[in-house]
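Colleague: Sequence:
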Amino acid sequence: MITIKQTAFKMLRLLFCLFGLLTIHLPTPHAQSSVDIHYYLPDIPYNPAIPTPEAFLGYQVGDWHVSHDQLRFYMQELARRSNRITIEEYAYTYEQRPLLMLTITSPQNHARLDEILAQRQAIADPQVSSSVNFDEAPVVIYQGYSIHGNEPSGANAALLVAYYLAAGQSDEVNTLLDNAVVLLDPCFNPDGLHRFSTWVNSHKNQTLTSDPADREYDEAWPRGRTNHYWFDLNRDWLLLQHPESRGRVANYHKWKPNVLTDHHEMGTNSTFFFMPGIPSRTNPITPQRNQDLTAAIAEYHAEILDEIGSLYYTKESFDDFYVGKGSTYPDVNGGVGILFEQGSARGHVQESDNGLLTFQYAIRNQVRTSLSTQRAAIGLKNELQTFQRDFYATAITEARRDPVQGYLVGPGHDNSKGDAFVHNLLQHDIDVYVVNAQIDDVIYPYLIPVEQPQYRMIRAIFERQTAFEDSLFYDVSGWTLPLAYNMHHVPLSRQQFESYRARIQAPLTMIGGTHEVYHPRQRLVHSRSEYAYAMIWDDYFAPAAAYHMMKEGLRIKVAQKPFTSTIGDFPMMFTEGTILIPVQNQAVPPDEVHDIMVEAARIGQTGIWGLRTGLSTDGVDLGSRSFVTVLKPEVAILVGDGVSGYESGEMWHLFDTRYQIPVTKLVAGDVGRIDLSRYTAIIMVDGNYRSLGSTGNERIKEWVRDGGTLVLTRGAIQWASGQDLITVKRKSTGNGDDQSDQRPYASASADQGSRVIGGAIFEIELDLTHPIAYGYRESKLPVFRRGTAFYEPMENPYATPGRYTDTPLLSGYINDENLEAIRGSASIFIGGSGSGRVICFADNPSFRAYWWGTQKLVANAVFFGSSISGGTVARGGME
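For what it's worth, the working numbering labels the leading residue of the sequence shown as 1, then goes sequentially.
To be clear, the hints were calculated from the coordinates, so they are not data collected in a lab.
By construction, the Cβ of each residue, glycine as well, lies at the ideal position given by its N, Cα and C atoms.
Worth double-checking, as some hints may not be accurate.
Derived CB-CB ranges, DEER-like [unchecked claim]: (1) T397 to D816: 33 to 41 Å; (2) R777 to E820: 51 to 59 Å; (3) T397 to P507: 17 to 25 Å; (4) P589 to S869: 28 to 36 Å; (5) D741 to D69: 18 to 26 Å; (6) D69 to K551: 52 to 60 Å; (7) Q169 to T394: 35 to 43 Å; (8) L524 to T394: 58 to 66 Å; (9) D441 to L113: 22 to 30 Å; (10) T727 to R777: 54 to 62 Å; (11) G379 to R777: 54 to 62 Å; (12) A213 to R112: 18 to 26 Å; (13) G871 to D618: 23 to 31 Å.
Pairs of lysine to aspartate or glutamate, DMTMM-like flavour, derived with a Cα cap of 25 Å [said to hold, decoys possible]: (14) K665 to D618; (15) K551 to D675; (16) K557 to D706; (17) K254 to E88; (18) K254 to D214; (19) K561 to D621; (20) K561 to E698.
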């Protein structure tokens, strides 16, 4: 019996056919023409019970950009239909999109996954690895796609690769599934992919245009490359500041894959790149055997791309130096990381130096190299397994020969950043132990032995490298994590290590996503008071606690001089920056103040002390003018065209997620029509700020004169100088000044690159009495620097509270001319206009969110900028 629904469907099909006949002869330049699935995949039998991507989505892959929800639902459908696939949601993005991992292997292997997982861990344990039978242990391939959301050919290729593995019926597929476990991560960056797919699909023409000037190919700021907070997740494998990365690295160490692929895109006029990269830029920690295997795998990629006539190159670009990238992280963790870079259509079809570049073509290259990776892993199965076993075995051997046998680590007066640092180590599968150690006046509660399977990862985290074979770097040249967290850390000789090893109390372990800590937490209020409370500003999360107090209606003050008060029967010294909270004369009833203190202590993860009297046993009394009222922060960050999306996102993330302070993201081009009077602080990160226009410029200058605190980093300082908000003088580096020497044309790129500071760590000297340094107990502070803008100290002797030391380089690359210029230059300097303050950071104090050691400088600028004395600032040309 034919139903009404079936009749309607037939009529609809007839209408579509008639429409096709009417339009088939119309002119359609670059009209969308769906390719057959065999354009992407081998022409083999496929299980008809498994839906193709086209059948599920309603369009062929490449006709549109898949959104993350479509990608997710298709993967779930494959897992439902196929006994080769299980699926899990291993993490959630900030926008609550799930990250997926498909475990794909034969049904027989699925039945023994626990055994296979045990084998994976055994291979990484030199004490038992020799007992693993490689004939029975599948090779593990982790294939991940589109960590940059606007590099979407990878995620769209994942649809086809998953289908191929779920439905393919060839001998090659069966052999793969019997001998391998494929971990397929269809999208490393769901939020970015969703943002980009919405843009290009929204601007797609029905009759496609390949004109690069079309809006489809000119994605709006901040673009889809990044995650919700505008971070590049491909730089976060080591740093682990975001949920996507933490979940991914947990999977990595659960499975210890032999090969990990990372599928990217690059400029439209490019062809296709695959590893190995430039040999001279490989991290010296990486074993040579890793690079040999990378080259052997590359032969499989070349063969499959030759078959379809795709142009490619290798060893001319990119590198394996920074271990925090997806293609390099495996190299120091027992696997082989492979980077793929495909020329990007940035939409559906675009003109390029190599002809019309279609989205389908880009997807096909990603699909084919995904399959060549699988073919290589099977062909090199024993070599990859042997390398992994030897990697961990030789780690122990090399560790025993290392002059450094371990590290003592201590957080100083800030337990929160100490917890964060150690948690990072544990996530990288590094063993950390609790000890009872003290050197001079510094307590070191953590001991990290180097003799463990993760020896090379420990080196990557702790070592400081300042000499290099090559002076060019694709990413940063220095990232030493204990410096980023401003942690006390001491390398131990063999004799020293043996003495401290005897004091080990317990190993630290992960518990519910965090870890056990050695010390009793001081997250409580020490005694109730009817007079006042005091909170020392040392802890990383103290700004969050202070904001909570003010949000609840409390008036707070900051101590600009130290004082000593009796706590119980003992005197306690409170340093500059201590927050004072009077109990009386508040908008909140006295009996509620204590409850607010309890919650603030929890939020700030710090201690708060009840004070019985305003009379100090030493230093200023509590009614002194040295206690200055703190304004409740109302923070705006300028964003939009011409502003660094990375750096504005870092500031947004800092205040929103760490300090729990709401921020307003103001589009710079709109500032001229906005009332700025509600904001106490405006943050301007690196950028050109041309979009402000003359009206916006004047609006900000007027706001500063009226008492606003303007916080500037890097390139924003030049904007402020041009607006006479602060007078700065650049230091000359001498780079490129002498043009008399003849140099080969071929050396131009390398010469220019050698003058770049792409990312290194330096040391500054802080004035600990200055409000910008409140919460710091030691004057020497590591900072992260990019760029060669060096500034002379301000003429006002009080206006440069942070200066580079005479021997500033701690880790990373800098050439001799720049090293000379940076000595003694200004790192932090303070200007003023009217009753406002202009606080300048020559560097980025919140780089990639992992610079916990310098982020409080930004909080100090926002909380205490208005309290900086007018006589201590450098006045701009407007004054």
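Colleague: Check the structure against each numbered hint from earlier and tell me which ones fail, lowest number first.
Modeller: 2, 5, 6, 8, 9, 10, 12, 14, 18, 20
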